[in-house]
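Start from the sequences and build out the full structure, keeping to the hints where you can.
The listed protein sequences correspond, in order, to chains A and B. Straight run, no breaks: the first sequence in the working numbering ends on number 178. Straight run, no breaks: the second sequence in the working numbering ends on number 426.
None of the hints are false.
27 Å max Cα-Cα, derived BS3-like pairs, lysine-lysine:
1) 162(A) x 5(A)
2) 72(B) x 28(A)
3) 28(A) x 57(A)
4) 69(B) x 35(A)
5) 49(B) x 5(A)
6) 69(B) x 342(B)
7) 69(B) x 399(B)
8) 78(B) x 49(B)
9) 35(A) x 57(A)
10) 28(A) x 69(B)
11) 49(B) x 166(A)
12) 57(A) x 399(B)
13) 3(B) x 157(B)
14) 327(B) x 342(B)
15) 342(B) x 78(B)
16) 35(A) x 399(B)
17) 157(B) x 8(B)
18) 57(A) x 127(A)
19) 157(B) x 162(A)
20) 399(B) x 72(B)
21) 5(A) x 57(A)
22) 128(A) x 57(A)
23) 399(B) x 28(A)
24) 28(A) x 78(B)
25) 342(B) x 326(B)
26) 162(A) x 49(B)
27) 49(B) x 35(A)
28) 35(A) x 5(A)
29) 108(B) x 8(B)
30) 127(A) x 149(A)
31) 35(A) x 72(B)
32) 78(B) x 35(A)
33) 267(B) x 157(B)
34) 342(B) x 108(B)
What the hints contain is simulated information worked out from the structure, not anything from laboratory work. Everything numeric in this text was worked out from a predicted model, so none of it was measured.
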Amino acid sequence: MNVKKIFEGPAIFLDRSDINTDEIIPAKYLTEVTKDALRPYMLEDLNLDGFDPRGDKLRNARVVVSRENFGCGSSREHAPWVFEVNGVHTIIAESYARIFRQNMFNGGMLAIELPRADIDRLFALEKKGNVNISVQLDSQTVVATSDGKTETLSFDISPFDKALVKAGGWVEFADARY
Amino acid sequence: MGKTITEKIFEAHLRDEPFPGTMVLDLDRVLCHEITTPIAIADLAWRGKDRVFDNTKIKAVIDHVTPSKDSKTATQAKMLRDWARRHGIRDFFDVGNNGVCHALFPEKGYIRPGFTVIMGDSHTCTHGAFGAFAAGVGTTDLEVGILKGVCAFRTPKTIRVDLTGRLPEGVYAKDVILHVIGQLGVNGATDRVIEFHGSVVDEFSMEARMTLCNMAIEAGGTCGICMPDVTTVDYLWPFISDEYASREAALDDYRQWCSDEDAVFEKVLHFDVSALEPQVTFGYKPDCVKPVGEMAGTPVDQIYIGTCTNGRIEDLRVAAAILKGKKIADSVRGIVSPATPKIFNDALQEGIIQVFMDAGFCVTNPTCGACLGMSNGVLAEGEVAASTSNRNFNGRMGKGGMVHLMSPATAAATALTGVITDPRQA
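So this is what it looks like as structure tokens:
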């Protein structure tokens, strides 16, 4: 259960706001009682032109970049889990729905918030080709590279969320403290 | 400086402030259902911590898929059932006694003013109707809640929504909240509590307040919340009569949880509802809202009346009044799911079930069912639903389906014609 979470790798760009939890993992799969069983269904119902939920681009992705209000809707933690079991431990977006964002950090994963201008710079980089993104938690920086060009961006994170990621999640943090 | 109701509840429940801006609260209620809880149970067992912090504060129900539809959902139900037995969770509701969580738990008197409540379900904000801080959380938060009786939240900010004027005929709490979400946007209240005030709320029943608070999450809100008042006390009286000498005494006590006159809000929004029309959603977000007139004539395939938003007895009464003595259009199928056994039974006694059946509706047992496309009533590709539920996301009620959200009155009027119809013309 305590897999080493890596916050870097090829990025996939989802150019839409309000991507909701039903699009990330439809409710019909919530009958599963293990995280692993969710693996084939990531973003299956995403409503986005040109997006292929079965494509290599998504399969190889380790980082997701998107727009505003990512993960709105249901409380289902299956949404972060379907990313986790597919090796995506980092999401970078302009903003998140509260429950989804907390679910990410509670699972020891990263939901990084960047201002619109910075997100635009990442999307501009994508136009050049495949983008690799690496997140350094200690220095709170995002380093994105594509075709020899690099963007280095800094981000804010609440001390609590940072502590959760370092502890490996909320259960570990709470267990040790309460 | 005055405080908001949420600030008062946070202060009274503060266990720890591990970092500035993060408040760990003691919980009065941890509510559970069979979709998001079994993985928490399994993980606690895997960690060797198969314990619960307080089996009287944990309440559990099987409601999303019930009776179980296949082996997987039967396993989920069994995991919750076995766990409830193992830990002596007496307030556990199974087939025959179970209903939609956000209708059932309030009906049992479990939610009180000033309480902190979490559940692994985003519409937990419904319980704010009672002057409680109630928030939907994921399974990990639920797991820590079950084990330790705590949950962490950011220090809250509050948006105050004042609802004034007189609600016109044919316009209901559902239309009000759809309109408010249309104005706020789906992200407008993220990390905020929405406080509902004003003469309209004062006159609302607890059922209508629950409808209002239920959809706070659709604007991103952590909780929708109403001030406890005489309506709250009257609703709760059967459950609290041995705690208080009189209703007045209960009201006096509960008033401590109201926001102060000089409380500071991040934003105050005013809505005069006097000219509000019935509202209907279009598109795939709950903030895509139009007056019914602009959507009138849109064909639908299925009518769904029920859910934690609008499956209460008042909702069924309103719909039945429109359906009485009439038949639904040949082109549509109607499904009604009373939200709890009590609501079902009340509807039976009042002749409402007969009205629905005579009109041609299928009456199901209390369950979340079609609302999230999990069990009975799923749409086929390309089909359109008129629904009293709370979410119109792409594929919500079935892959490739379209959902138009509306009040029970508008849904009933639509059932009669087969196209979206203004309930004032039904």
